[in-house]
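Same order as they appear, the protein sequences are chains A and B.
Residue numbering for the first sequence follows my numbering, beginning at 1 and increasing consecutively.
Residue numbering for the second sequence follows my numbering, beginning at 1 and increasing consecutively.
Hints may contain errors.
Simulated restraints on C-beta separations [claimed, not checked]:
hint	chain 1	residue 1	chain 2	residue 2	range
1	B	Lys-124	A	Lys-124	24 to 30 Å
2	A	Asn-214	B	Ala-182	56 to 62 Å
3	B	Asp-230	A	Asn-214	50 to 56 Å
4	B	Pro-284	A	Pro-284	23 to 29 Å
5	B	Arg-93	A	Ser-26	39 to 45 Å
6	A	Arg-237	B	Trp-27	55 to 61 Å
7	A	Lys-80	B	Gly-216	46 to 52 Å
8	A	Pro-113	B	Pro-284	38 to 44 Å
The list that follows gives simulated cross-link-like pairs (lysine-lysine, BS3-like), each with its CA atoms no further than 25 Å apart [stated by the list, open to error]:
hint	chain 1	residue 1	chain 2	residue 2
9	A	Lys-5	A	Lys-53
10	A	Lys-2	B	Lys-314
11	B	Lys-5	B	Lys-40
12	B	Lys-219	B	Lys-80
13	A	Lys-82	A	Lys-217
14	A	Lys-314	A	Lys-5
15	A	Lys-69	A	Lys-314
16	B	Lys-2	B	Lys-69
17	B	Lys-2	A	Lys-124
18	A	Lys-69	A	Lys-2
19	A	Lys-82	A	Lys-176
20	B	Lys-314	A	Lys-314
21	A	Lys-314	B	Lys-2
22	A	Lys-69	A	Lys-124
23	B	Lys-217	B	Lys-80
24	B	Lys-314	A	Lys-124
25	A	Lys-69	A	Lys-5
26	B	Lys-124	A	Lys-314
27	B	Lys-219	B	Lys-176
28	A	Lys-314	A	Lys-82
29	A	Lys-2	B	Lys-124
These aren't lab readings, by the way, just hints derived from the structure by calculation.
Ideal Cβ positions, reconstructed from N, Cα and C, are used throughout, including at glycine.
Now for the letters of each chain:
Number of protein chains: 2
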Amino acid sequence: MKQIKIAQYGLGPIGVETLRLAAGKSWAEIVGAIDIDPAKVGRDLGEFTGIRKLRGRVVHGSLEELHGKPDVIFHTAVSKFKAAFGQLEPIAREGISVVSSCEELVFPQLREPLLSRRLDRLCKRTGARVVGTGVNPGFVMDLLPLCLTGVSCDVRAVHVQRVVNASTRREPLQRKIGSGLAPRRFRRLLREGRAGHAGLKESLALLAHCLGWNVGKIKESGDAVVADHDIRTRYLRVRKGETCGLHQRAEVRMGGKVALSLDLRMYLDAPNPHDAIQIEGQPPLNLVLPGGVAGDQATVAALVNTAPRLLQAKPGLILITDLPVPHVACT
Amino acid sequence: MKQIKIAQYGLGPIGVETLRLAAGKSWAEIVGAIDIDPAKVGRDLGEFTGIRKLRGRVVHGSLEELHGKPDVIFHTAVSKFKAAFGQLEPIAREGISVVSSCEELVFPQLREPLLSRRLDRLCKRTGARVVGTGVNPGFVMDLLPLCLTGVSCDVRAVHVQRVVNASTRREPLQRKIGSGLAPRRFRRLLREGRAGHAGLKESLALLAHCLGWNVGKIKESGDAVVADHDIRTRYLRVRKGETCGLHQRAEVRMGGKVALSLDLRMYLDAPNPHDAIQIEGQPPLNLVLPGGVAGDQATVAALVNTAPRLLQAKPGLILITDLPVPHVACT
Numbered sequence: 001m002k003q004i005k006i007a008q009y010g011l012g013p014i015g016v017e018t019l020r021l022a023a024g025k026s027w028a029e030i031v032g033a034i035d036i037d038p039a040k041v042g043r044d045l046g047e048f049t050g051i052r053k054l055r056g057r058v059v060h061g062s063l064e065e066l067h068g069k070p071d072v073i074f075h076t077a078v079s080k081f082k083a084a085f086g087q088l089e090p091i092a093r094e095g096i097s098v099v100s101s102c103e104e105l106v107f108p109q110l111r112e113p114l115l116s117r118r119l120d121r122l123c124k125r126t127g128a129r130v131v132g133t134g135v136n137p138g139f140v141m142d143l144l145p146l147c148l149t150g151v152s153c154d155v156r157a158v159h160v161q162r163v164v165n166a167s168t169r170r171e172p173l174q175r176k177i178g179s180g181l182a183p184r185r186f187r188r189l190l191r192e193g194r195a196g197h198a199g200l201k202e203s204l205a206l207l208a209h210c211l212g213w214n215v216g217k218i219k220e221s222g223d224a225v226v227a228d229h230d231i232r233t234r235y236l237r238v239r240k241g242e243t244c245g246l247h248q249r250a251e252v253r254m255g256g257k258v259a260l261s262l263d264l265r266m267y268l269d270a271p272n273p274h275d276a277i278q279i280e281g282q283p284p285l286n287l288v289l290p291g292g293v294a295g296d297q298a299t300v301a302a303l304v305n306t307a308p309r310l311l312q313a314k315p316g317l318i319l320i321t322d323l324p325v326p327h328v329a330c331t
Numbered sequence: 001m002k003q004i005k006i007a008q009y010g011l012g013p014i015g016v017e018t019l020r021l022a023a024g025k026s027w028a029e030i031v032g033a034i035d036i037d038p039a040k041v042g043r044d045l046g047e048f049t050g051i052r053k054l055r056g057r058v059v060h061g062s063l064e065e066l067h068g069k070p071d072v073i074f075h076t077a078v079s080k081f082k083a084a085f086g087q088l089e090p091i092a093r094e095g096i097s098v099v100s101s102c103e104e105l106v107f108p109q110l111r112e113p114l115l116s117r118r119l120d121r122l123c124k125r126t127g128a129r130v131v132g133t134g135v136n137p138g139f140v141m142d143l144l145p146l147c148l149t150g151v152s153c154d155v156r157a158v159h160v161q162r163v164v165n166a167s168t169r170r171e172p173l174q175r176k177i178g179s180g181l182a183p184r185r186f187r188r189l190l191r192e193g194r195a196g197h198a199g200l201k202e203s204l205a206l207l208a209h210c211l212g213w214n215v216g217k218i219k220e221s222g223d224a225v226v227a228d229h230d231i232r233t234r235y236l237r238v239r240k241g242e243t244c245g246l247h248q249r250a251e252v253r254m255g256g257k258v259a260l261s262l263d264l265r266m267y268l269d270a271p272n273p274h275d276a277i278q279i280e281g282q283p284p285l286n287l288v289l290p291g292g293v294a295g296d297q298a299t300v301a302a303l304v305n306t307a308p309r310l311l312q313a314k315p316g317l318i319l320i321t322d323l324p325v326p327h328v329a330c331t
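I would like the entire structure built from these sequences, with the hints used as guidance.
This is the structure we're talking about:
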């Protein structure tokens with residue numbers, strides 16, 4: 001496989017893991033990393049990430065300071081496309097392609113049609129490709145159910161459920177789902193869009209787009225899951241009656257019935273974690289992933305595995321469904 | 001969606017169902033059908049297939065007699081690429097693309113590297129694309145496990161099992177799996193390659209190809225499943241001790257352990273029919289399709305759903321894994 005020059009944008013936990021996985025691939029040549037955090041800029045990249053072969057390089061504060069032009073930048077910095085745009089535009093202007101974990105980039109035209117067109121036009125002019133992916137959004141609730149419809153004669157409805165046992169996950173996720181907050185307070189944060197999982201609407205819109213369905217308004221709801229017993233994880237404690245996680249749901253109706261529904265539960269001590277997909281159609285199809293697909297590892301894998309296929313695609317702001325079937329991009 | 005002119009090559013049960021499904025799609029314009037069986041040639045296509053809107057057209061004996069040049073031909077005629085080649089070459093020479101159910105076409109370079117190169121060169125010259133697909137090979141044992149590895153950091157082994165309850169399937173399949181034969185006789189037919197499921201080796205070779213694994217020799221084995229009770233289906237009877245189905249397996253070893261294994265059981269009254277995939281890797285992944293993916297309907301769907309995506313691909317003899325993620329191609 002042809003060598004691909006890689007840079008990492010964003011050195012949070014996902015960014016560092018992405019860099020670590022990429023550094024182990026024979027096709028990847030790491031040219032550097034960027035982070036806007038002044039506390040990280042200037043530090044030795046090898047020391048900061050624990051990746052020996054990156055020793056002697058420093059963390060840069062901007063694209064211009066990077067030595068050598070990368071082919072692909074892994075971008076793991078923000079959830080909102082509006083916030084990502086300002087970071088991605090200078091990259092695309094240099095003709096550098098991007099694989100991003102930005103949740104809204106899985107279907108950017110949903111919330112930002114104008115910015116999407118602008119970035120798409122820029123990419124087409126410079127030869128860059130920009131795509132958003134991950135495990136959710138990017139796989140479990142969109143790409144995998146779509147792939148399954150490939151053996152359907154017709155599809156009337158698609159339903160996906162994901163149950164994550166947050167007790168087995170990292171501390172930031174355990175906090176993000178509201179652990180320990182008063183349910184009233186967490187519900188208000190959810191309502192105000194200041195807490196919760198990003199990307200549910202994007203997964204649903206991507207499904208509708210590929211199925212050719214004009215679905216109209218997406219209904220989204222979020223609620224606190226309240227602990228029915230005292231819970232103690234490696235990182236925190238939650239008492240009975242406090243928030244121990246979230247339950248989010250997005251759905252659309254067509255002809256009076258639910259045509260697409262995505263149901264996500266992430267909470268501490270969730271029993272029977274799994275991902276499940278039901279395709280109502282001809283033939284009917286049921287898929288179960290007992291245990292589910294592990295969040296962080298799978299997102300990191302989705303990012304790295306996308307790079308080689310991305311460089312084969314036509315320039316533009318593209319969707320994961322425009323790329324060839326995903327698969328692990330070997331050592 | 002742009003209109004696609006479609007013709008059907010082969011009017012067996014799968015071919016007729018393919019034509020029926022395609023005829024219902026708003027993007028498909030059926031221009032005609034071809035069959036080499038003199039008993040079918042000249043008959044009214046609408047009457048023969050039961051599709052009203054095809055009335056007044058006749059079944060043709062060859063490509064030259066077809067009125068209007070199709071964009072895509074659905075080819076459902078033979079299992080062996082060597083046999084398909086003589087039918088596909090004249091089609092590709094006209095620059096017409098082909099979606100074929102020919103099992104060996106899922107990875108044609110395995111058995112016929114020379115013919116594959118010849119057909120690929122021809123396609124590139126004329127602008128045609130030729131691809132083989134179906135449910136198995138083409139989905140359950142190759143494309144779906146590959147898609148799942150898209151969220152894997154690294155993969156050490158892939159195992160797939162498919163259990164089909166043949167009692168619920170059509171008569172030709174119930175006969176194909178040896179129902180009612182003496183086990184000794186059926187085992188001999190399997191050994192001689194005169195019976196059994198086609199395409200297991202192709203699925204395995206496609207997996208290895210996409211994973212970038214140089215696997216060497218594929219070990220394939222086949223055995224009769226012997227009825228442990230008297231069985232009566234809609235079409236036939238099998239007595240205890242007679243063959244009621246088959247068990248086929250293909251595997252390769254790497255470094256002393258089984259790295260890829262595909263295990264197929266198709267027999268009458270098989271309990272718990274299902275498809276299952278295990279990815280040994282980081283993270284480990286398990287997928288189950290309880291009930292399995294229905295054979296004939298899913299193959300027909302895979303063929304028809306591939307047509308729109310195929311026409312976006314570069315010309316050549318291509319693999320399903322070169323195409324974007326499959327999904328139902330709506331009405």
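Consistency of the hints with the structure:
1. Our hint of 24 to 30 Å for Lys-124 (chain B) and Lys-124 (chain A) holds, since their Cβ atoms are close to 26 Å apart.
2. One distance hint, 56 to 62 Å for the beta-carbon pair Asn-214 (chain A) and Ala-182 (chain B), holds here, with the actual separation near 58 Å.
3. For Asp-230 (chain B) and Asn-214 (chain A), the Cβ-Cβ distance of about 54 Å falls inside the hinted range of 50 to 56 Å, so the restraint holds.
4. For Pro-284 (chain B) paired with Pro-284 (chain A), a C-beta distance near 28 Å keeps the hint of 23 to 29 Å intact.
5. One distance hint, 39 to 45 Å for the beta-carbon pair Arg-93 (chain B) and Ser-26 (chain A), holds here, with the actual separation near 40 Å.
6. Take Arg-237 (chain A) and Trp-27 (chain B): their Cβ atoms lie about 57 Å apart, and the range 55 to 61 Å holds.
7. In this structure, Lys-80 (chain A) and Gly-216 (chain B) meet the distance hint of 46 to 52 Å, their C-beta atoms being roughly 49 Å apart.
8. The hinted range of 38 to 44 Å is satisfied by Pro-113 (chain A) and Pro-284 (chain B), whose Cβ atoms lie roughly 40 Å apart.
9. With a C-alpha separation of about 15 Å, the suggested pair Lys-5 (chain A) and Lys-53 (chain A) falls inside the 25 Å cut-off, and the hint holds.
10. At most 25 Å may separate the alpha-carbon atoms for a hinted pair to count; Lys-2 (chain A) and Lys-314 (chain B) meet this at roughly 20 Å.
11. For a cut-off of 25 Å, the pair hint linking Lys-5 (chain B) to Lys-40 (chain B) stands: about 22 Å separates their Cα positions.
12. A threshold of 25 Å between alpha carbons decides the hint, and for Lys-219 (chain B) with Lys-80 (chain B) the separation of about 19 Å falls inside it, so the pair holds.
13. A distance of roughly 21 Å separates the Cα atoms of Lys-82 (chain A) and Lys-217 (chain A); the hinted pair therefore holds under the 25 Å criterion.
14. Simply put, Lys-314 (chain A) and Lys-5 (chain A) have alpha-carbon atoms about 18 Å apart, close enough for the 25 Å limit, and the pair holds.
15. Of the supplied pair hints, the one linking Lys-69 (chain A) and Lys-314 (chain A) holds, its CA atoms being roughly 20 Å apart against a limit of 25 Å.
16. Annotation: proposed proximity of Lys-2 (chain B) to Lys-69 (chain B) holds, straight-line Cα distance about 16 Å (limit 25 Å).
17. Distance restraint check for Lys-2 (chain B) and Lys-124 (chain A): the Cα-Cα separation of roughly 23 Å lies within the 25 Å cut-off, and the hinted pair is therefore satisfied.
18. For the given pair, Lys-69 (chain A) sits about 16 Å from Lys-2 (chain A) by alpha-carbon distance, which is consistent with the 25 Å threshold.
19. Distance check on the hinted pair: Lys-82 (chain A) and Lys-176 (chain A) sit about 21 Å apart at the alpha-carbon level, within 25 Å; holds.
20. Taken as a hint, the Lys-314 (chain B) and Lys-314 (chain A) pair is honoured in the structure, with Cα atoms around 12 Å apart against an allowance of 25 Å.
21. Pair hint Lys-314 (chain A) plus Lys-2 (chain B) holds up; C-alpha atoms about 20 Å apart against a cutoff of 25 Å.
22. As the CA atoms of Lys-69 (chain A) and Lys-124 (chain A) are separated by approximately 18 Å, the hinted pair is consistent with the 25 Å bound.
23. Distance hint between Lys-217 (chain B) and Lys-80 (chain B) is fulfilled; the C-alpha atoms sit about 20 Å from each other, no more than 25 Å.
24. Under the criterion of a C-alpha separation no larger than 25 Å, the hint pairing Lys-314 (chain B) with Lys-124 (chain A) is consistent with the structure, at around 19 Å.
25. Restraint check for Lys-69 (chain A) and Lys-5 (chain A): satisfied, since their Cα atoms lie roughly 8 Å apart, inside the 25 Å limit.
26. Restraint check for Lys-124 (chain B) and Lys-314 (chain A): the C-alpha separation of about 19 Å stays at or below 25 Å, so the hint holds.
27. This hinted pair checks out: Lys-219 (chain B) and Lys-176 (chain B) have alpha carbons roughly 22 Å apart, not beyond 25 Å.
28. Among the hinted pairs, Lys-314 (chain A) with Lys-82 (chain A) is consistent with the structure: their alpha-carbon atoms are about 24 Å apart, no more than 25 Å.
29. A threshold of 25 Å between alpha carbons decides the hint, and for Lys-2 (chain A) with Lys-124 (chain B) the separation of about 23 Å falls inside it, so the pair holds.
The structure is consistent with each of the numbered hints, conforming to all of them.
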